[in-house]
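K.L.:
The residues making up each chain are set out below.
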Amino acid sequence: MNVKSLIRRNYKKQPEVDFPDYKSSIFRAPKNKKISFPSSDSEILGPIFNKNIIGELDNNLTLNFSKNKNSPLGHKIIVYGNVSDQFSNPIEGALIEIWQANSAGKYLHNNDKNIAPIDPNFAGCGRCLTTSSGYYEFLTIQPGPYPYPNRGIEWRPMHIHFSIFGKSFGQRLITQMYFEGDPLIKHCPMVNSIADEKAKKSLIGALDTSRSNTQNLLAYKFNIVLRGIQQTYFENRREGL
Amino acid sequence: MSTSKEILDETPFQTAGPFLHIGCMPNAIKIEKLYQNDLGKIPFKNKNESELITIEGSVFDGNGVALDDVMLETWQCDEKGEFKEESGFARFIPNNLTKKFILKTVKPGSFKGFDGKIHSPHISLSISSRGLNMTLNTRIYFEGDELKNDPLLSIINNCNVNCLIAKKISKHSYLFDIFLQGEEETIFLDI
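Chains as they are written, first to last, in our numbering: chain A, 102 to 342; chain S, 444 to 634.
Every clue listed holds true.
If the Cβ cut is set under 10 Å, some of the chain S residues that face chain A in the computed set are:
#	residue
1	P455
2	Q457
3	A459
4	L463
5	I472
6	L477
7	G483
8	S530
9	D558
10	K560
11	I566
12	S572
13	T578
14	T629
15	D633
In case anyone wonders, no lab produced these hints; they're calculated from the structure. This structure is a prediction, so every number in the text was calculated from the model and none was measured. Backbone N, C-alpha and C fix where the C-beta goes; we use that ideal spot for every residue, glycine too.
Whole structure, please, built from the sequences with the hints as guidance.
P.N.:
This is how it looks when you write it as structure tokens:
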């Protein structure tokens, strides 16, 4: 019998959910301790997403919403990296969905009350599936920082939201990538809800000048690690032997 | 291949924020023509209406306010208790007027897991939103099913276990409210 289990989540490397510096958490973060239990088929077996859902321009945010091939405002960037599990095994076919503000720091969303202009050529929405080596790549524009109401008005550092599905529901991850050198990172309560410095740093996309110099755009590398799945073999005891 | 290597840390979560619809369900906020369909709009294709159940409910914050900016995702096996990698996933949001979500799906079957145990019919549910630094996980079980030997329910020593059981309101419909805080706080799972 093969028993599969996800590596237990290390909450010391994760954000504190009940973190009042991030004001919206005050009435939303549950107060009770979560219940741990052995992984079952529900957490391990899927979902997996089919290639046919992905359109040709889905990972090119500079073109997927442009009118008459006009470019969105701002400078172009490539965001790329590898998705692996905790054992460094690449994850093929991981679904990555991203969303972000435009170069002025405005989201194409009715709930965004920031008085910055919408860019008619930019939706800020993209997705892709990783290759056999776990590789992904998005062509987009640099998102702007923006003010938002928290403890008074505060500023979000430049960031891109990432949603990732690996091979199992227990690997599901939603996070944000920040940009190397952004002075707003250290002031951000959402970043600071993670106590561990190394974990915090792992969310900062690294400027890759080797790529930037050859392609007339800036490149940022952001690797993603999803939970590992262990297999333990138990020999079935045969009756009567 | 994966035995002696260093074990990496999982990438930390961050909140999905208030604008998650842009990336996860653009058609729902009228960003159209980008994706043909929003992901997880229908969990199982080619099912008749008569084969489906409805699960309806709201997500309440600590002030008792029903939220409309949360995203719910569910994952389940089919009516025979089989996991089919490419179906069984749904993604939905509460209606912004009624503040209720509605999931139409097949009622999952019970299954014998790779642990050799029988698992009662259930749906895995995750909740992501502004104000949640990590996605929350829970499960929906069903009133009227055999539940006492379920491997998860039997380890919960909590009289509140009822919060994981959807109430049957008619032959094919169930009610499942979620409370993020307060006396009725839902049991969330470290999956």
